[in-house]
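J.: Please put together the full structure from these sequences, using the hints given.
Protein chains in written order, with this note's numbering: chain A, 1 to 118; chain B, 1 to 115.
One or more hints might be untrue.
Stated by the list, open to error - Facing chain B, a subset of chain A residues (Cβ under 8 Å, in silico):
1. LEU26
2. PHE34
3. GLN42
4. SER43
5. GLU87
6. SER89
Note that these hints are calculated values from the structure, not bench results. Note that beta-carbon positions come from the ideal geometry of N, C-alpha and C, so glycine has one too.
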Amino acid sequence: GAVVSQHPSRVICKSGTSVKIECRSLDFQATTMFWYRQFPKQSLMLMATSNEGSKATYEQGVEKDKFLINHASLTLSTLTVTSAHPEDSSFYICSARERTHQWNTEAFFGQGTRLTVV
Amino acid sequence: AQSVSQHNHHVILSEAASLELGCNYSYGGTVNLFWYVQYPGQHLQLLLKYFSGDPLVKGIKGFEAEFIKSKFSFNLRKPSVQWSDTAEYFCAGSDRGSTLGRLYFGRGTQLTVWP
Numbered sequence: 001g002a003v004v005s006q007h008p009s010r011v012i013c014k015s016g017t018s019v020k021i022e023c024r025s026l027d028f029q030a031t032t033m034f035w036y037r038q039f040p041k042q043s044l045m046l047m048a049t050s051n052e053g054s055k056a057t058y059e060q061g062v063e064k065d066k067f068l069i070n071h072a073s074l075t076l077s078t079l080t081v082t083s084a085h086p087e088d089s090s091f092y093i094c095s096a097r098e099r100t101h102q103w104n105t106e107a108f109f110g111q112g113t114r115l116t117v118v
Numbered sequence: 001a002q003s004v005s006q007h008n009h010h011v012i013l014s015e016a017a018s019l020e021l022g023c024n025y026s027y028g029g030t031v032n033l034f035w036y037v038q039y040p041g042q043h044l045q046l047l048l049k050y051f052s053g054d055p056l057v058k059g060i061k062g063f064e065a066e067f068i069k070s071k072f073s074f075n076l077r078k079p080s081v082q083w084s085d086t087a088e089y090f091c092a093g094s095d096r097g098s099t100l101g102r103l104y105f106g107r108g109t110q111l112t113v114w115p
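T.: Below is the structure:
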């Protein structure tokens, strides 16, 4: 299957600072990328849908100004956690789909980023 | 609203036992359904998917799932589990009518297989 790469895999930052997480599709063009958050022992919660060249679509309850998403190219989307606080500590996962407007395509997942805010 | 639910939170089995993990979905329209597995420390991997056609879907590693529209279910099965199947299993669905293709996940089922 296609490869989605996330970087960094782990990051520790101080409270109040911002952290950027990158998600790249390595061997295909991803018109749409998705950002999830996974709490320990819980499911993946969809945060937002990132469309290349346009604004992201955020799920209800997700702060747009807190979690900035940029999808500048067909192979790269970034999630920036601004003014991070300890409660933002979590596992963030991205996924990407090729040929979004076809219904029979699957999403491929990155390996995730473990964010710890101290 | 779209949702996917998994009722088994933690399943413990001995090797060679049969497995069935429940998954129910709630969608207004036509749905695509998936099962993913997450081994400790690794990323999500697709086990199998259902888009259309034969409701009995066969995936990797001997897993299969059956789409039963009347029951809104997509249960995962394996006739004989192995120790290496110990992992977290997630059922997910997407609304085919949505061009965004957003995936919604169940809360996951932790499978522990004893050797």
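J.: None of the hints should be skipped; say for each whether it holds.
T.: Hints, one by one, checked against the model:
Violation of the interface hint for LEU26 of chain A is found here, the shortest Cβ-Cβ separation to chain B being roughly 13 Å, above the 8 Å cut-off. Satisfaction of the interface hint for PHE34 of chain A is found here, the shortest Cβ-Cβ separation to chain B being roughly 7 Å, below the 8 Å cut-off. Interface restraint check: GLN42 of chain A against chain B, minimum CB-CB distance 6 Å, threshold 8 Å, status holds. Taking 8 Å as the C-beta cut-off, the interface hint given for SER43 of chain A holds, the closest approach to chain B being about 4 Å.
Here the hint on GLU87 of chain A is broken, as its CB sits about 20 Å from the closest CB of chain B, past 8 Å. The beta carbon of SER89 of chain A comes no nearer than 18 Å to any beta carbon in chain B, farther than 8 Å, and the hint placing it at the interface is violated.
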